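> No gaps in the numbering here: position 254 of the sequence shown is 705 in our numbering, and each next residue is one more.
Please note: incorrect hints may appear among the correct ones.
Using 27 Å as the maximum straight-line C-alpha spacing, the simulated BS3-like pairs for lysine-lysine come out as follows [claimed, not checked]:
#: 1; residue 1: 677; residue 2: 619
#: 2; residue 1: 696; residue 2: 685
#: 3; residue 1: 677; residue 2: 876
#: 4; residue 1: 817; residue 2: 743
#: 5; residue 1: 817; residue 2: 696
#: 6; residue 1: 677; residue 2: 696
#: 7; residue 1: 719; residue 2: 877
#: 8; residue 1: 621; residue 2: 743
#: 9; residue 1: 656; residue 2: 696
#: 10; residue 1: 719; residue 2: 677
#: 11; residue 1: 605; residue 2: 621
#: 12; residue 1: 547; residue 2: 685
#: 13; residue 1: 817; residue 2: 876
#: 14; residue 1: 619; residue 2: 547
#: 15; residue 1: 621; residue 2: 656
#: 16; residue 1: 743; residue 2: 605
#: 17; residue 1: 619; residue 2: 640
#: 18; residue 1: 877; residue 2: 696
#: 19; residue 1: 656; residue 2: 640
#: 20; residue 1: 611; residue 2: 621
#: 21; residue 1: 808; residue 2: 743
Beta-carbon label-pair distances, calculated as ranges [stated by the list, open to error]:
#: 22; residue 1: 685; residue 2: 738; range: 43 to 49 Å
#: 23; residue 1: 717; residue 2: 639; range: 33 to 39 Å
#: 24; residue 1: 817; residue 2: 588; range: 46 to 52 Å
#: 25; residue 1: 671; residue 2: 813; range: 29 to 35 Å
#: 26; residue 1: 835; residue 2: 905; range: 17 to 23 Å
#: 27; residue 1: 586; residue 2: 476; range: 42 to 48 Å
#: 28; residue 1: 624; residue 2: 750; range: 48 to 54 Å
#: 29; residue 1: 472; residue 2: 638; range: 50 to 56 Å
By construction, these hints were calculated from the structure, which means they are not laboratory data. What you are looking at is a predicted structure, and each value in this text was computed from that prediction instead of being measured. Built from N, CA and C at the ideal position, the CB exists for glycine as well.
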Amino acid sequence: MQTVDRKAPKPLGHNLTEPIYEAVLKALDEEPARLDVLLTLLHPSDIADLLERLPIRNRPEVLHRVPHEVLADVIANVSYGVQENLLEEMTEDEVKNVLTNLDSDDVADIVQNMDDNLADQTLEIIPEIQQALLNYPEDTAGGIMQLEVISVPKSWTVDKLLVHLRQKAKDDSLPERFSTVCITDHTRKLLGTINLSRLVRIQPKELLGDVMRTDPVTVQPEATEKDVAQLFEKYDLFNCPVVDKNNRLLGVITIDDVLDVMMELHEKEIMQAAGLEEGEDLFAPLARTTQKRLPWLVINLFTAILASSVIALFEDAIAKVVALAVLMPIVASMGGNAGTQTMTVTVRGLAMRQITKNNTTILLRKELLVGTLNGLVLGILLGGGTFLVYRDPMMSIVICSAAIFAHFFAALAGITIPVILSRMKKDPAVSSGVFVTTVTDVVGFFAFLGLASLLLLK
452 MQTVDRKAPK PLGHNLTEPI YEAVLKALDE EPARLDVLLT LLHPSDIADL
502 LERLPIRNRP EVLHRVPHEV LADVIANVSY GVQENLLEEM TEDEVKNVLT
552 NLDSDDVADI VQNMDDNLAD QTLEIIPEIQ QALLNYPEDT AGGIMQLEVI
602 SVPKSWTVDK LLVHLRQKAK DDSLPERFST VCITDHTRKL LGTINLSRLV
652 RIQPKELLGD VMRTDPVTVQ PEATEKDVAQ LFEKYDLFNC PVVDKNNRLL
702 GVITIDDVLD VMMELHEKEI MQAAGLEEGE DLFAPLARTT QKRLPWLVIN
752 LFTAILASSV IALFEDAIAK VVALAVLMPI VASMGGNAGT QTMTVTVRGL
802 AMRQITKNNT TILLRKELLV GTLNGLVLGI LLGGGTFLVY RDPMMSIVIC
852 SAAIFAHFFA ALAGITIPVI LSRMKKDPAV SSGVFVTTVT DVVGFFAFLG
902 LASLLLLK
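Could you put together the complete structure from these sequences and hints?
Encoded structure:
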């Protein structure tokens, strides 16, 4: 009769729920040894989430109790800011354990995000072949590819390949994530590919050269990670070989790497639009957080001063017609919202490669017309409301005209600024917002107050 260990802990599942987090906090305060049990029940990704939630002072206690066999996966799954903090707390042996138990692309990501001193020390303990990945920028195909790839000659049979794969699995040298075998010649020139789902359907004696796909989608290492993500989406890829200009196989990019890239790009655009760094540690030291956020706030300070200086030009007009102070934020706000709409459409079009030199003028005309029509409709509504409140027809004409001007220039800025930044090789998703907002504010204030000075102060 089989005995049952009734005291064996039950797995907690793959989700760091609030009760589990509270249990960890309680163990930290009352019974640190209980962390050993709790951590063995959590998935490595959930341990990574746990470390990100914890204040810096509590992380070392948890980190040094993470099971040895999952430590590498935990470090690979935390955000860059937290990763840097954890690596500083680890011994050299622990760092070596992490780097030797990860795929080459994950190792490259970790090393590229270390500070210079720690990175120099780390280079001494990682294989030279993995160091080659560090020659590629981290946001390129070369930077996200993994070197662990199965490549065999076309003269092999299906049966021989399957035996080879089983032997590599037995030797624990099979890549953790792969679904395609690359067929190469003696110089590693890529001849074709064959995926595992097709492999198991083919007769064992078939030659790989006869059944391989001879026109696989490939990418060169200099391609941007955004280009790679679009390639995977367009062709429904699960992996993609990376080749040099001579079509020699360098590595492979897998779908999980691309999913990570897409998440990172999304986070990067959100964070950098506010002047922040991706992967910022919520519990980073006060001085470091302040230092990182201050430059962007200084830039915004100068843009605010620019808008205020326009208002200052019409100080006398505002003093004589107090209603102008009430109405001018409406014009600026309407222009800002219109500019943001146009900018968002433009940035998306640039990202999707839908906007080119050939169709930019057509799109500009269309958006200017849309902006003018929206400005006209909203200007009439705003002018009518202004007349009902102030009973001043000239005031209504002023604000209606200003709304049209603001929407026209908002559309102009929303198109031209992202396009110019893109052609300057700058990310329009990151930098466009502050410039578009500044233009719409300045134009909105200038149009409204300038017209008011001309028409109301005669």
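> None of the hints should be skipped; say for each whether it holds.
Now the hints, each set against the structure:
{"no.": "1", "hint": "677 with 619", "result": "violated (33 Å)"}
{"no.": "2", "hint": "696 with 685", "result": "holds (22 Å)"}
{"no.": "3", "hint": "677 with 876", "result": "holds (14 Å)"}
{"no.": "4", "hint": "817 with 743", "result": "violated (40 Å)"}
{"no.": "5", "hint": "817 with 696", "result": "violated (41 Å)"}
{"no.": "6", "hint": "677 with 696", "result": "holds (20 Å)"}
{"no.": "7", "hint": "719 with 877", "result": "holds (14 Å)"}
{"no.": "8", "hint": "621 with 743", "result": "violated (48 Å)"}
{"no.": "9", "hint": "656 with 696", "result": "violated (33 Å)"}
{"no.": "10", "hint": "719 with 677", "result": "holds (12 Å)"}
{"no.": "11", "hint": "605 with 621", "result": "holds (23 Å)"}
{"no.": "12", "hint": "547 with 685", "result": "violated (38 Å)"}
{"no.": "13", "hint": "817 with 876", "result": "holds (25 Å)"}
{"no.": "14", "hint": "619 with 547", "result": "holds (23 Å)"}
{"no.": "15", "hint": "621 with 656", "result": "holds (23 Å)"}
{"no.": "16", "hint": "743 with 605", "result": "violated (53 Å)"}
{"no.": "17", "hint": "619 with 640", "result": "holds (22 Å)"}
{"no.": "18", "hint": "877 with 696", "result": "holds (26 Å)"}
{"no.": "19", "hint": "656 with 640", "result": "holds (24 Å)"}
{"no.": "20", "hint": "611 with 621", "result": "holds (15 Å)"}
{"no.": "21", "hint": "808 with 743", "result": "violated (36 Å)"}
{"no.": "22", "hint": "685 with 738: 43 to 49 Å", "result": "holds (45 Å)"}
{"no.": "23", "hint": "717 with 639: 33 to 39 Å", "result": "holds (35 Å)"}
{"no.": "24", "hint": "817 with 588: 46 to 52 Å", "result": "violated (36 Å)"}
{"no.": "25", "hint": "671 with 813: 29 to 35 Å", "result": "holds (32 Å)"}
{"no.": "26", "hint": "835 with 905: 17 to 23 Å", "result": "holds (22 Å)"}
{"no.": "27", "hint": "586 with 476: 42 to 48 Å", "result": "holds (43 Å)"}
{"no.": "28", "hint": "624 with 750: 48 to 54 Å", "result": "holds (51 Å)"}
{"no.": "29", "hint": "472 with 638: 50 to 56 Å", "result": "holds (54 Å)"}
Comparing the model with each numbered hint stated earlier shows that hints 1, 4, 5, 8, 9, 12, 16, 21 and 24 do not hold.
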